[in-house]
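Given chain A's structure and the hints, the job is docking chain B onto it.
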Amino acid sequence: MSEKTFLKGGRVVDPSQNLDGTRDVLLIDGVIASLGTKLSAPEDARVIDCAGLVVTPGLIDVHVHLREPGGEHKETIATGAEAAAAGGFTAVCAMPNTDPPIDNPAAVGYLLSRGRAAGFARVYPVGCISAGRAGQRLALIGEMVDAGAVAITDDGSPVMDSGLMRLALEYSQTFGIPVADHPEDLGLSASGHMNEGIVSARLGLGGKPNASEDIHIVRDLLLAELTGGHIHFQHVSTRFGVESIRQAKLRGVRVTAEGSPHHLILTHEAVEGYRTEAKMNPPLRTQEDVDAVRAGVADGTLDTIATDHAPHHYDEKEAAFADAPNGIVGLETALGLILTRVVGEGVIDLSTMVDRMSCQPARVFSLPGGTLTEGGPADVTVFDPAAKWKVDSARFKSKSRNTPFEGWELTGRPKWTIVGGRIVWEG
Amino acid sequence: MSEPAPWLGKDLIGLEDLTAEQILTILDTAEPFKEISERRIKKVPVLRGKTIVNLFFEASTRTRISFEFAEKRLSADTVNISSTGSSVTKGETLVDTARNLEAMRIDMVVIRHAASGAARFLAERIPSSVVNAGDGWHEHPTQGLLDLLTIRDHRGPLKGLKVCIVGDILHSRVARSNIYGLRTLGAEVAICGPRTLLPPAPHEMGCIVFRHIEEAIEWADVLNVLRLQLERMQNGFVPSLREYNRIWGVSSRRLEAAPRDILVLHPGPMNRGVEIDSDVADGPHSVILNQVTNGVAVRMAVLYLLAGGRPETAEAAKQGAEA
Numbered sequence: 001m002s003e004k005t006f007l008k009g010g011r012v013v014d015p016s017q018n019l020d021g022t023r024d025v026l027l028i029d030g031v032i033a034s035l036g037t038k039l040s041a042p043e044d045a046r047v048i049d050c051a052g053l054v055v056t057p058g059l060i061d062v063h064v065h066l067r068e069p070g071g072e073h074k075e076t077i078a079t080g081a082e083a084a085a086a087g088g089f090t091a092v093c094a095m096p097n098t099d100p101p102i103d104n105p106a107a108v109g110y111l112l113s114r115g116r117a118a119g120f121a122r123v124y125p126v127g128c129i130s131a132g133r134a135g136q137r138l139a140l141i142g143e144m145v146d147a148g149a150v151a152i153t154d155d156g157s158p159v160m161d162s163g164l165m166r167l168a169l170e171y172s173q174t175f176g177i178p179v180a181d182h183p184e185d186l187g188l189s190a191s192g193h194m195n196e197g198i199v200s201a202r203l204g205l206g207g208k209p210n211a212s213e214d215i216h217i218v219r220d221l222l223l224a225e226l227t228g229g230h231i232h233f234q235h236v237s238t239r240f241g242v243e244s245i246r247q248a249k250l251r252g253v254r255v256t257a258e259g260s261p262h263h264l265i266l267t268h269e270a271v272e273g274y275r276t277e278a279k280m281n282p283p284l285r286t287q288e289d290v291d292a293v294r295a296g297v298a299d300g301t302l303d304t305i306a307t308d309h310a311p312h313h314y315d316e317k318e319a320a321f322a323d324a325p326n327g328i329v330g331l332e333t334a335l336g337l338i339l340t341r342v343v344g345e346g347v348i349d350l351s352t353m354v355d356r357m358s359c360q361p362a363r364v365f366s367l368p369g370g371t372l373t374e375g376g377p378a379d380v381t382v383f384d385p386a387a388k389w390k391v392d393s394a395r396f397k398s399k400s401r402n403t404p405f406e407g408w409e410l411t412g413r414p415k416w417t418i419v420g421g422r423i424v425w426e427g
Numbered sequence: 001m002s003e004p005a006p007w008l009g010k011d012l013i014g015l016e017d018l019t020a021e022q023i024l025t026i027l028d029t030a031e032p033f034k035e036i037s038e039r040r041i042k043k044v045p046v047l048r049g050k051t052i053v054n055l056f057f058e059a060s061t062r063t064r065i066s067f068e069f070a071e072k073r074l075s076a077d078t079v080n081i082s083s084t085g086s087s088v089t090k091g092e093t094l095v096d097t098a099r100n101l102e103a104m105r106i107d108m109v110v111i112r113h114a115a116s117g118a119a120r121f122l123a124e125r126i127p128s129s130v131v132n133a134g135d136g137w138h139e140h141p142t143q144g145l146l147d148l149l150t151i152r153d154h155r156g157p158l159k160g161l162k163v164c165i166v167g168d169i170l171h172s173r174v175a176r177s178n179i180y181g182l183r184t185l186g187a188e189v190a191i192c193g194p195r196t197l198l199p200p201a202p203h204e205m206g207c208i209v210f211r212h213i214e215e216a217i218e219w220a221d222v223l224n225v226l227r228l229q230l231e232r233m234q235n236g237f238v239p240s241l242r243e244y245n246r247i248w249g250v251s252s253r254r255l256e257a258a259p260r261d262i263l264v265l266h267p268g269p270m271n272r273g274v275e276i277d278s279d280v281a282d283g284p285h286s287v288i289l290n291q292v293t294n295g296v297a298v299r300m301a302v303l304y305l306l307a308g309g310r311p312e313t314a315e316a317a318k319q320g321a322e323a
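Protein chains in written order, with the numbering used here: chain A, 1 to 427; chain B, 1 to 323.
Rather than coming from a laboratory, the hints here were simulated on the basis of the structure. Be aware that one or more of the hints could be misleading.
[As the list claims (entries may be wrong)] As a list, the in silico SDA-like pairs of lysine to any residue whose alpha-carbon atoms are at most 25 Å apart:
1. A:Lys317 - B:Pro127
2. A:Lys317 - B:Ala258
3. A:Lys317 - B:Phe69
4. A:Lys317 - B:Arg125
5. B:Lys10 - B:Phe69
6. B:Lys159 - B:Ala258
7. A:Lys38 - A:Pro69
8. B:Lys10 - A:Glu318
[Claimed, not checked] With the C-beta cut set under 7 Å, the calculated list includes, among others, these residues of chain B facing chain A:
9. Ala59
10. Thr61
11. Glu92
12. Val95
13. Ser116
14. Gly117
15. Phe121
16. Gly136
17. Arg176
18. Pro200
19. Ala201
20. Gly206
21. Val209
22. Phe210
Treat the numbers as computed from the prediction; the structure is a model and nothing was measured. C-beta: ideal position from N, C-alpha, C; glycine also.
Excised from the complex, chain A in its bound form (with noise of 0.2 Å):
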């Protein structure tokens, strides 16, 4: 007996293949059967009303903390990929900075086969660049992209080797994976805990300066253009970052990007006040970053939006600025916020939402999904574009709290999260 579920009437937007308009969509057997105008819904189907509703191919977060193991009281892999269900995400991406690190198959087998437990987002892991993350030598990279691992990073740190990065830009090409770096010169900010700027030198808080993380961008770079390797930068939130990477596709260096929906969102005047729950890394910058960031996303320098979900325990951001950890919670409020602050804005349109949501993050990091053609996975998010919603911590799957956007008022959410043909979300 087959399971049949019929997405009736709905706006489908699938930019893999040049689709805004009604549609039904049949799923069977977590396979996307057929999509078109007036199917007929088999008898047996499931049938949901997706009538002013928008489908999607299922949204894809390439860059999530689930923190386990060995931070289970921030988040477990079953809360974060509830989380990410919730937050309308069919597949998140895991950054191996647990503790212990992922850095071996063992560890990559122990992510996915609580991801498939947990049954709901697909939880795909990242391994590491180095072992332990120490920065000194390569992880355990075949045997980790053998386990599943779909790419290598030290992400949460840099890679301050350039060497080692070398190695690795040049290693991780056998395997086809995209080596994520989070761009950061330590000797330039180990010392700050906020954008350096005119808001760290008022609030007497050290500052991490724009240059901090451009200077690993030119870097690697200039790496991936020596090797042929692919590198892929983490939350990118300079407009020298920007720029740098823009000119470097158009000479046709091998590079991705993400851009995360508070650099997007949110500038370094969030911190006032010493709010902890603005405190992330890269920090917060200055609204010509964001509107550079914004640009980006745009025209596709930055390929994709990735959450940087991060989440931490309320009593450890409960605390004097430098003392709290960086990072905010991000799944839940991803869609929403883009939706409102990014689609709302005119920044970009609708159909680009979902391709840098669902389909450049499938594309860079070579996963299933990211389309709604007849054969793929039947990973679909359908929301309600004009739904009024408050941001709400207290409501969240995940484990943890540490939002600076609570009580916002958002237009849009997810409705149904369909993973696998299976109903993982109902909003």
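Relative to the frame of chain A, chain B by itself:
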């Protein structure tokens, strides 16, 4: 709990938060309290029955003692808690420390902490009044106030005065409190020091920048010379103390070139022969010990006002009536 003074609020976190009227009121209120320290019996019952905790997470001699004298001369009951190293390394969070203190029903906390924002953090979480005695690089408002009072004592109203802060501005809470207070009162503010020790965006903070101390001396009515922390040299911000003294040190030879009689302040403790030469520190331009004396009076005024005292009754309170 006393009724909070409506024009000052519950806490004193920084001079950036205060209006010119509020700052002037504190300075005016300090005037009658100066005299108490000159009496044979240096005690009035203004804060009798009030409990004040001096919570010092960073080493401090002068500020802590100055607060303690101010509290004792106003008859408050005081407890000192000192802990080098942050609350975090101690194992108890700042918020737990605050809640524990609150559970003991105190009236005021004077806090010194290595983290910028720590005083505000505490103030937002406990109903007691919080006085910032220095938070990281952020503010040291009572130092700023005593500097303002000392300048006013010697040069009259601050409006239009040219004040240059010299030295490590980047890491200095004293510098920030001075900049905010001076600018609010209409003074012109400049900063001078090695570029490695100046904050980013100084012009946006409303400061003129002098690269050379000679230019600063040529311009200024008042120099506020900051202490060069030894660790700044160890961390490479300046190559040597000797070089610092040669290029930015305030010497009597340099002051002789000034077109006007310059007033020299220093928040202490001084590194004689580094940022300031002894002949300046001990010479006619210096009002460094007046600052120390004024520190006690300013802190008495702040404690009195936060406890609900009215500026207009400070004189009467000093004579023995309770706040």
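Hint check results:
1. A:Lys317 - B:Pro127: holds (21 Å)
2. A:Lys317 - B:Ala258: violated (51 Å)
3. A:Lys317 - B:Phe69: Violated, because 36 Å separates the two Cα atoms, which is more than 25 Å.
4. A:Lys317 - B:Arg125: holds (14 Å)
5. B:Lys10 - B:Phe69: Given that 25 Å is the threshold and the Cα spacing comes to 22 Å, the pair holds.
6. B:Lys159 - B:Ala258: holds (21 Å)
7. A:Lys38 - A:Pro69: Distance of about 48 Å is beyond 25 Å: violated.
8. B:Lys10 - A:Glu318: Judged against 25 Å, a Cα distance of about 21 Å means the pair holds.
9. Ala59: violated (18 Å)
10. Thr61: Hint on Thr61 of chain B: violated, closest Cβ of chain A at ~22 Å, above 7 Å.
11. Glu92: Check failed: Cβ of Glu92 of chain B comes no nearer than 12 Å to chain A, outside 7 Å.
12. Val95: OK, holds: Val95 of chain B within 7 Å of chain A, min 5 Å.
13. Ser116: holds (4 Å)
14. Gly117: Result: holds, 3 Å to nearest chain A Cβ.
15. Phe121: holds (5 Å)
16. Gly136: The hint holds - Gly136 of chain B has a Cβ within 7 Å of chain A, the shortest such distance being about 6 Å.
17. Arg176: holds (6 Å)
18. Pro200: holds (5 Å)
19. Ala201: Holds. Min distance 4 Å.
20. Gly206: For Gly206 of chain B, the interface hint is violated, since the closest Cβ of chain A sits about 11 Å away, which is over 7 Å.
21. Val209: Not OK, violated: Val209 of chain B not within 7 Å of chain A, min 12 Å.
22. Phe210: violated (17 Å)
This entry does not satisfy hints 2, 3, 7, 9, 10, 11, 20, 21, 22, going by the numbered hints stated previously.
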